[in-house]
Each structure stands twice: as structure tokens, then as C-alpha cells.
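Asks: On the provided structure of chain A, position chain B as indicated by the hints.
From first to last, the protein sequence lines are chains A and B. In this text, residue positions in the first sequence follow this note's numbering: the first is 1, and each later residue adds one. In this text, residue positions in the second sequence follow this note's numbering: the first is 1001, and each later residue adds one.
Think of the hints as simulated: they come from the structure by calculation, not from any bench. Backbone N, C-alpha and C define an ideal beta-carbon position, used for all residues, glycine too. Hints should not be assumed to be uniformly reliable.
Quick look at which bits of chain A chain B covers, simulated, 3 or more residues with Cβ under 8 Å [as the list claims (entries may be wrong)]:
#, segment
1, 3–13
2, 79–86
3, 93–99
4, 118–129
Here are a few chain B residues that face chain A, going by a calculated C-beta distance under 7 Å [unchecked claim]:
#, residue
5, P1013
6, K1014
7, L1044
8, S1049
9, T1052
10, R1068
11, P1070
12, S1071
13, A1074
14, Y1082
15, A1120
16, T1124
17, M1135
18, M1136
19, Y1143
20, C1145
In silico DMTMM-like pairs for lysine to aspartate or glutamate, Cα to Cα no more than 20 Å straight-line [claimed, not checked]:
#, chain 1, residue 1, chain 2, residue 2
21, B, K1122, A, D160
22, A, K14, B, E1121
23, A, K122, B, D1160
24, B, K1014, A, E121
25, B, K1014, A, E111
26, A, K14, B, D1114
27, B, K1014, A, D119
28, A, K14, B, E1111
29, A, K122, A, D102
30, B, K1014, A, D114
31, A, K2, A, E165
32, B, K1122, A, D96
33, A, K122, B, D1096
34, A, K14, B, D1119
35, B, K1122, A, E17
Number of protein chains: 2
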Amino acid sequence: MKVYLAGPDVFLPKPIEMARRKKELCAQYGLTGLFPLDAKGASLEIFRSNETLMNEADAIIANLTPFRGPSADAGTVYELGYMAARGKLCLGYSNDPALYADRVARFTAIERYDGRLIDAEKLTVENFSLPDNLMMIHALDLYGCPLVVPRTAPANIWHDLTSFEQCVRLAATRLAS
Amino acid sequence: MKVYLAGPDVFLPKPIEMARRKKELCAQYGLTGLFPLDAKGASLEIFRSNETLMNEADAIIANLTPFRGPSADAGTVYELGYMAARGKLCLGYSNDPALYADRVARFTAIERYDGRLIDAEKLTVENFSLPDNLMMIHALDLYGCPLVVPRTAPANIWHDLTSFEQCVRLAATRLAS
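One chain only, chain A, in its complex shape (with noise of 0.2 Å):
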């Protein structure tokens, strides 16, 4: 069973380095780890075999950690979305187990106004005691497994795979089903 490894992991400092992490983990549980490509080569390129791998694969690990923001990286969640619409199993980790909420409060003001929370813009922070947007939270809870989340946040939230090992055990159980 093959297994589309997405996530900010491509913008790695050393990301041959982490797919070939990733996919050992994979292998110890009977799985095909598929690393994306890495931000080298032109952009289309690099679009179109990313779309095969996912086409190829029977399911998608995303590491949704929050990239450069309160949420998960853009093009990890255009994956999670892709591979919900093709029917594939889900699952997602993320070593940031804060709430949405929390997370907006890191970079801007927020405050509660008329029964809503809103940022400094005034615009809403969804208030649902979910780690980011209700879409790909539900999304995995449906198609796969709910969001794996360590109880605190690792010392190295780039490099700590023991959120994504768990998300492999629990896709290994599920594909052989």
C-alpha cells in the first residue's frame, strides 16, 4: 500500500533527508512511502508529478503542523483536500497541538465582540476548540483518523517524527482491513 507523504517537510533544510526518514518509518510497517518532490525543478513539473504520486496512492499522511502562521502549510491542504475527494484515507498529524484560537493570538490581538472572537482586521477566528480550520479537521475525522496531536508541543517540531509514526501505524491498520 502506497501512502503520499505531504507536508512543509520539502522546504527542509535537508528534505532528502527527511523523505528518506519518513519512508523507513513506512517500510517498518509494511508501507510505500511517496515523498513529494522538493522545491527544485520548474513549478509545473513539480505540480504534475505531485499529482501523480497522489493518484498512485491509496492514502495521504499531511503534516499540518502550522506553517508560517496559525495554520497548516497552503499546499499540503490543497493535498488533504485532493486525496478527500478521490475517496483515499486520510490522516494528518500535527506537532503543534495548540487550538486555532490560541494559535491566531500568537500574531494578532484578539478579542471578543458581539458573541464572536475577531482578530485586529475584525474578522472572525473560528472558535471551535479545534487545532485549524473545521475543514480538514472534520475531513480527517471522516476519511481517516481523527488529527494526531502530541500531548505538548516537541523540542523540534521540524524533525520529531512520533506523530508521524502514528499516523503510519494507524494507516498500516486501516489499509490492511
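Replies: Coordinates of chain B only, in the frame set by chain A:
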């Protein structure tokens, strides 16, 4: 023909007014606009309702204006991926025409290192002269129309519908043919 009107517009102070304006513009071009539920009610109910609307729609027009960071709203991006995978016509606009690397530079220091652009966390900054992550931009290129952006950002980035109307016009032409 039905068009799903994705975007962080649901988080505006008056989402129902924006829904009315967008639906009216759609009607002027012979299209039926489907506006997602706003952030009230139970989150799972919102998810299911939005998914039902997406499944009904022939196309998506996604508001990809950057939201709380350099990239588009995560929920909107998820929906774009979903609609691309379902083979629906994909359109989108951003009221901020800035390129991604320039957007990132507003939030964090960027430097050139080893042939790449990196941010303060040493994570690579995509540098393809595109306004956002390549997955979304090329999905529009291949499955609809290239991202619509104004020459310069409008004064009211969350309420100006010039680029939205351009998407409606393109959608009407494409869906008619």
C-alpha cells in the same frame, strides 16, 4: 450552472451581506452562487453542508487573498483541492497581487542561502514568481483559468469584488461552452 463561492468571506463582520453581493453578481451572468455556511452552528454540520454544496456545484470561485499570513485561507485551499479532484471547473482570485516571496518577507526576514531563499526558521521560501503555493496556482492554470489578480491591491481588500466579477465572467463563458 452552480458555482461554489469559497473564501474567508464567511469570516467578515457581515458575511450575509457579502453572500448577497456575490450571489447577485453570479445571477447577472446567469450563474447560481452557492455560499458556504458561516462560522455559526456546529462545526461538523458546517463541514457536511459545505461538502454538499461543493458536490452540487459545477465550478468553484475561490477567494485566495492571503489570510492571516502569506498564503490563502486554509479552508478555502482545502476546498480548491477538493473541487480540482472532483473534476470541477476551478477559478480563483487574490486581491493581493504580490508574489509569494514578497508576501513572506512582510512577516519574517528572508535571506539567500545556498542557492535558495530561506526564512528566519531556515525553511525554504518557494520562489517561482507565483503569488502563492504552486499547487493552488497550477491547479487553476490546468483546471480552470489562471489566478485573477488586480494590477495593484484595491483599497478595501476584503470587500472589493472587481477580481471576483472577472472570475464570474470567465466561469460563465467556460460553463456555457
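Asks: Taking each numbered hint in turn, which are not upheld by the structure, reported in ascending numerical order?
Replies: 3, 6, 8, 9, 15, 19 and 20
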